[in-house]
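Chains as they are written, first to last, in the numbering used here: chain A, 1343 to 1679; chain B, 1343 to 1679; chain C, 10 to 297; chain D, 10 to 297.
In short, the hints are calculated from the structure, not lab data. Wrong hints could be hidden among the right ones.
[Stated by the list, open to error] Taking lysine-lysine and the BS3-like style, the derived pairs with C-alpha atoms no more than 27 Å apart in a straight line are:
1. A:Lys1454 <-> A:Lys1648
2. C:Lys50 <-> A:Lys1445
3. B:Lys1454 <-> B:Lys1648
4. D:Lys50 <-> B:Lys1445
5. C:Lys244 <-> A:Lys1411
6. D:Lys236 <-> B:Lys1411
7. A:Lys1566 <-> B:Lys1648
8. C:Lys50 <-> D:Lys50
9. B:Lys1566 <-> A:Lys1648
10. A:Lys1496 <-> A:Lys1445
11. B:Lys1445 <-> B:Lys1411
[To be verified] Some chain B residues flagged as far from chain D (calculated, every beta-carbon gap over 12 Å):
12. Gly1386
13. Ile1389
14. Ile1414
15. Pro1419
16. Arg1420
17. Glu1423
18. Trp1453
19. Arg1474
20. Ala1532
21. Asp1543
22. Asp1632
23. Leu1663
24. Val1665
Every residue gets a Cβ at the ideal spot worked out from N, C-alpha and C, and that includes glycine.
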Amino acid sequence: MGSMKATGRAPVPAPSLGAIDLSVDLGRGLVLPNPILVASGTFGYGIEYSDVVDVNDLGGICCKGTTLKARIGNPTPRVTETPGGMLNSIGLQNPGVDAVIRKYSSTWAGWKVPVIVNVAGESVEDYVEVVRRLEGIPGIAGIELNISCPNVGKGGLQFAIDAEAAAGVTAAVRRVTDLPLLVKLSPNVADIRPIARAIADAGADALTAVNTLSGIALSANRAKPLLGNIYGGLSGPAIKPVALRIVYEVAQVVRIPVIAIGGVTSLDDVLDFLAVGAAAVQVGTAIFADPTLPVRLVSELEEVCKARGLESYRPLIGTALPVRTGAPSSKGAEYRP
Amino acid sequence: MGSMKATGRAPVPAPSLGAIDLSVDLGRGLVLPNPILVASGTFGYGIEYSDVVDVNDLGGICCKGTTLKARIGNPTPRVTETPGGMLNSIGLQNPGVDAVIRKYSSTWAGWKVPVIVNVAGESVEDYVEVVRRLEGIPGIAGIELNISCPNVGKGGLQFAIDAEAAAGVTAAVRRVTDLPLLVKLSPNVADIRPIARAIADAGADALTAVNTLSGIALSANRAKPLLGNIYGGLSGPAIKPVALRIVYEVAQVVRIPVIAIGGVTSLDDVLDFLAVGAAAVQVGTAIFADPTLPVRLVSELEEVCKARGLESYRPLIGTALPVRTGAPSSKGAEYRP
Amino acid sequence: MRLVGAELLNAREILPGQWLQTYHAPALATGSRAGQFVHVKTGDLSGFVLRRPFSINTADVASGTITIHFRTVGRGTEWFTHLRAGDTIDMLGPLGRPFEVDPRSQHLLLIAGGLGMAGVRALADEAIRDGRQVTLLFGAASARDVYPTSLLPDEVEYVVATDDGSMGHHGFVTELVARYESWADQAFACGPEPMLQALARLAATRRARMGVASLGRKRGAGKAAPKGSSTARRKAFLQVSMEQRMGCAVGACLGCVVMGSSGTPQRVCREGPVFASDEIEWEGSWGR
Amino acid sequence: MRLVGAELLNAREILPGQWLQTYHAPALATGSRAGQFVHVKTGDLSGFVLRRPFSINTADVASGTITIHFRTVGRGTEWFTHLRAGDTIDMLGPLGRPFEVDPRSQHLLLIAGGLGMAGVRALADEAIRDGRQVTLLFGAASARDVYPTSLLPDEVEYVVATDDGSMGHHGFVTELVARYESWADQAFACGPEPMLQALARLAATRRARMGVASLGRKRGAGKAAPKGSSTARRKAFLQVSMEQRMGCAVGACLGCVVMGSSGTPQRVCREGPVFASDEIEWEGSWGR
Ligand SMILES: Cc1cc2nc3c(=O)[nH]c(=O)nc-3n(C[C@H](O)[C@H](O)[C@H](O)COP(=O)(O)OP(=O)(O)OC[C@H]3O[C@@H](n4cnc5c(N)ncnc54)[C@H](O)[C@@H]3O)c2cc1C
Ligand SMILES: Cc1cc2nc3c(=O)[nH]c(=O)nc-3n(C[C@H](O)[C@H](O)[C@H](O)COP(=O)(O)OP(=O)(O)OC[C@H]3O[C@@H](n4cnc5c(N)ncnc54)[C@H](O)[C@@H]3O)c2cc1C
Ligand SMILES: Cc1cc2nc3c(=O)[nH]c(=O)nc-3n(C[C@H](O)[C@H](O)[C@H](O)COP(=O)(O)O)c2cc1C
Ligand SMILES: Cc1cc2nc3c(=O)[nH]c(=O)nc-3n(C[C@H](O)[C@H](O)[C@H](O)COP(=O)(O)O)c2cc1C
Ligand code: FES
Ligand code: FES
């Protein structure tokens, strides 16, 4: 996959005549029907948009962050708009892993679309226990670790900003599951590359990048921050250049698939992320304004492939990456602007 | 100043009757006429916009980044628009410190508005030497250290992402100058607070926050990144929530003035940054679309003070900060969204 | 719930900074009930990221039109004022759960504060159509902000309160409730949260204070329907329409919750925007 | 340079995806010269961060109007097509340095590729007004993209080349230059960089190839004015109008540079957009 990303050349399974092969093989038997997924927290449990979206047209669904115990989440307000983006601080409201399994897994089992459960925790043990309970449940196609959470064991330091902690939780979870394991990177770091490498080495099957940027907004009277939780996560088109940069960096230092997230609102955005090495893309915030976007992107991607005479979308991957010369770089963040 | 920021209470110099006191005391004799500055790299050397802007209405001018030797900067394209923002990779094109002094200092000396020279370098020695040459030159009111540069001595690791390196260059420059010393923080870090504290402890008179976020964009054919330098700096409204968050965090852990930068396009943005503890604000990208904005902001700020019956703008500072209880926090980045 | 292209037929500034816009959207006019709302997309080159939620102010099946009534409070609402007749915008709706009127309720008390009028306005039409009597208590800051009688059905008894006394009762609209409390079989309110909270307090103590005419009591305390169910709401004396910042407006993002008396957050876009007043945790600081 | 409110009087799609807009902006009509440009702001609710640069396509002092001619290549240019007559937008200009015509030049050769027409269009008017002879060589992909003769002064000799041969010469516009090279006293070009580069090569070898009629030679090699000065440009056989992505458009951000033959980057918005062809470093990979 890594070399494929860098060069666009890969063993392309012969596609059914005429049809474009959009499938994405994430390993461990998880093959997405197409590379357009919906991002965790923006598509609930897959059922909420059913009036307007046929989920089986999607490449995959990442469900809302799931924790061991139920969480009521953060005080309100929880969302607001910002220039070209939005802030959210839901605080991982969810009924807890057992309730999630009870309520949704049978529905998911009936779907063609793979459902990937986004898992969050406050300790390595939390993550491990949640994943253990998800293991082997019909309808659960994979795990996405949301490691942008405070590691209580490490004084609240986020797993995601510390290569060692990130690798630690990845390895621990890897040990207890054969489910495809995706780990989601945070953009709030000085240099993502050592972290990405550590997670890959710890046994992740794929990386998803990126989670939200940390930001705040103020209440109208400016007596306090607007969001009940003070801090929120910035998402939407505003962060796309940052997400694109991170995927560009990560794709050059790991050999596992990278799934891009951050500000996708059009096919051009999808093609951009593929070009910097993403094997698939998740759509998040844009769904709120345009619920049918992800499904449209699938057919638009197919059209582009047809128009370019491609049998698969894979040649679109990695076209903007420098052809990798030798070993992945281990250099620190270069001077930028 | 620190406590003032936190509480809005400060020894207010009796203002000339009727007039609102907008002055900002940055220490070492540098008193800005008002808290609206123009950001480095977006207002050249102060002369380019003279047809449409009277520079003497501004609170201060941060000139383009200045290095020891002349730099031709990065290959083109150097700028492009992104959703709610823009990317730039000028690459510190400048004629070198001696030429800057020769060409502009006498003009600056004739101006009422303080000109702060933005200084960049690739080694501690670079910074020290540039500042040494600026020391004592009439027309130069202060120094702003742009530490988002690679420290050749440390294998290209940016000064700005490493508390020790940031403190090191600050201390070294402090030793050779009595000029007011501002140090400009980078948002591309996991936790800004230890870095901000280290720089303050190393003798900075004020902090400016923030510089640009690292991002990329792609060329139309997606064969390579769009910008000649690959990486660019993201600025504009898109980054305001991040800048606001960083100023909010920094203002709580240092006692020196914080000058906010990042996506200011309106008086509301100015008031937001003041509310999270900024003593002054810089306007950058917005100047390109609206060159007279900074000057208008000065009078709009004055109007707001009048309307609220204030004699000074200072009570607007820090209103959204938690009233500081005890020592500044030393906690790592909390769990956010 | 559907995505429909709605064509702007007519836009008027009915009060300073308050607009009434009529859209041709048959699917919404037919399929919606009083209390529901639409989530409206701004234009492609507008640069906005989120839709904006607006109550369905009125719906007319015959002409296949709905109206929204909004105040320009920010850039998004301002954007909508620049639309011109003939422009088509994208509406997601109808969304949320409607007001539930007990079939036996004859006297409906509607209470609106400011833009809350848009939240209960459609219920007035529905109730009149169903032959019920409607008294609408409306509170505004001052006379200039008072919703024009001309825009209400003649059958509605319209009582106004203004904070500055420039029209009607001098004071809060909540102060008018006492007069109608015993007359009313049910009450339906929309407006600022403090107003709704005050009304909820009244409703909570109502049975104790008045002993009479509580639908709940009429049918005996025994067989109480589960909280939040349409049946339970239908029996509630007070139903309130809540507001919260929204992302998806379909229940997916959990952005719009209010704390429920059950201790679990309730989604304004899905369990609401209409709630029985006893479903909400009014006290306590969570999210306030 | 000024900030002026320009009112759109008229907009026409003169070619597929190409628009000609007339604005009332007396200050710009009066104060500008051929080759200069304006930096135009999009609307407040548009969400765009940067202005968009456009050549002053024509300027009419009498009516106080200017026109811009642009192709919709992205969201910004598309935004401008949604403007309606009566809308006022904010223009910063006139910007940059104009074409410099030698007083003794009688025969002007204008060379435009595609939208480059907008870059030289105003020079045609100016030259005709000053009683000079103008030949305009225009290159486009195909007949459907060819700028209409009706929009040019009758006095202009208009020669067309199309890549697909569907109109005029079959091939690149640069191939037409040889025919007019000896006739022309000076040449002025605007278009894609490869076209300008090809023309610059021709100009560089011109004296050697033709020995004749180079203004430079006429007045002797001795007293050469400093490169980039108006005087030096006035003497240059070929002047080109360059394009680069812009931030400020006033020389402040250094976003718009092209590498100069001197080895120092030149700002398209300040030293340009017009340059003498020998001021530019055409070879080498910097910024390409
Ligand atoms: C179910 C529901 C029904 C509503 N019905 C109406 C109505 O009929 N008439 C009317 O005038 N208003 C109504 N509102 C409020 C209306 O949605 C806001 O006034 C509007 O979204 C403000 O957008 P803005 O961009 O102008 O304001 P800004 O403050 O610029 O908006 C910034 C962000 O905050 C959100 N926001 C700001 N204020 C509110 C608010 N009070 N409620 C929800 N989100 C908000 C915006 O949607 C946007 O995402 C309703 C809100 C909800 C939740
Ligand atoms: C001095 C000058 C004069 C110009 N005159 C004309 C003219 O008369 N007619 C015309 O059709 N075009 C002209 N252009 C090009 C025109 O500015 C771009 O086509 C336009 O900015 C594209 O904006 P967009 O948002 O539609 O494209 P997008 O690609 O969406 O724009 C993205 C960003 O890139 C910039 N950009 C994209 N293409 C160009 C380009 N070719 N040159 C400069 N910036 C670009 C935009 O300004 C914007 O900042 C001129 C450019 C310059 C520098
Ligand atoms: C309302 C909301 C809730 C989110 N919840 C989660 C979550 O529970 N777990 C997670 O890993 N990411 C969560 N995210 C982050 C998104 O999955 C995605 O990484 C981010 O929004 C960037 O993508 P976008 O710009 O397309 O939205 C959430 C984002 C939003 C807007
Ligand atoms: C074109 C451009 C050039 C810049 N050059 C510099 C620079 O030389 N030194 C520096 O410290 N910051 C530089 N910056 C960063 C700005 O000073 C400012 O920190 C940043 O743009 C965020 O503010 P804004 O969103 O208001 O633009 C530059 C920004 C832009 C857009
Ligand atoms: S707005 Fe998304 S759950 Fe209600
Ligand atoms: S565009 Fe800023 S210097 Fe030319």
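Q: Just double-check Val1665 of chain B for me: nearest Cβ-Cβ distance to chain D has to come out over 12 Å.
A: At about 36 Å from chain D, Val1665 of chain B clears the 12 Å cut-off, so the statement holds.
Q. Beyond 12 Å from every Cβ of chain D: is that where the Cβ of Asp1543 of chain B lies?
A. holds, 34 Å
Q.
For Arg1474 of chain B, is the shortest CB-to-CB distance to chain D above 12 Å, so the non-interface label stands?
A. Per Cβ check, Arg1474 of chain B is outside 12 Å of chain D; nearest 25 Å; holds.
Q: Verify that the Cβ of Gly1386 of chain B lies farther than 12 Å from every Cβ atom of chain D, and report whether the claim holds or is violated.
A: With a cut-off of 12 Å, Gly1386 of chain B comes too close to chain D, as the shortest Cβ separation is near 3 Å.
Q: Take the C-alpha atoms of Lys1496 of chain A and Lys1445 of chain A, compute the straight-line distance between them, and say whether it is at most 27 Å.
A: violated, 33 Å
**Q.** Restraint status (C-alpha distance of Lys50 of chain C to Lys50 of chain D at most 27 Å)
**A.** Distance of about 24 Å is within 27 Å: holds.
Q: Say whether it holds or is violated: Ala1532 of chain B keeps its Cβ farther than 12 Å from all Cβ of chain D.
A: holds, 27 Å
Q | Pair hint Lys50 of chain D and Lys1445 of chain B, alpha-carbon separation not exceeding 27 Å | A | violated, 32 Å
(Q) Lys50 of chain C and Lys1445 of chain A were given as a pair; does the straight-line alpha-carbon distance stay at or below 27 Å? (A) violated, 32 Å
Q: Classify the label on Glu1423 of chain B as holds or violated, using whether its beta-carbon is more than 12 Å from each beta-carbon of chain D.
A: At about 5 Å from chain D, Glu1423 of chain B fails to clear the 12 Å cut-off, so the statement is violated.
Q | Non-interface label on Ile1414 of chain B, tested against every C-beta of chain D at 12 Å | A | violated, 6 Å
**Q.** Separation of Trp1453 of chain B from chain D, once the least beta-carbon distance is taken, above 12 Å
**A.** holds, 16 Å
The structure is inconsistent with the numbered hints 2, 4, 5, 10, 12, 13, 14, 15, 16, 17, 22, although it conforms to all the rest.
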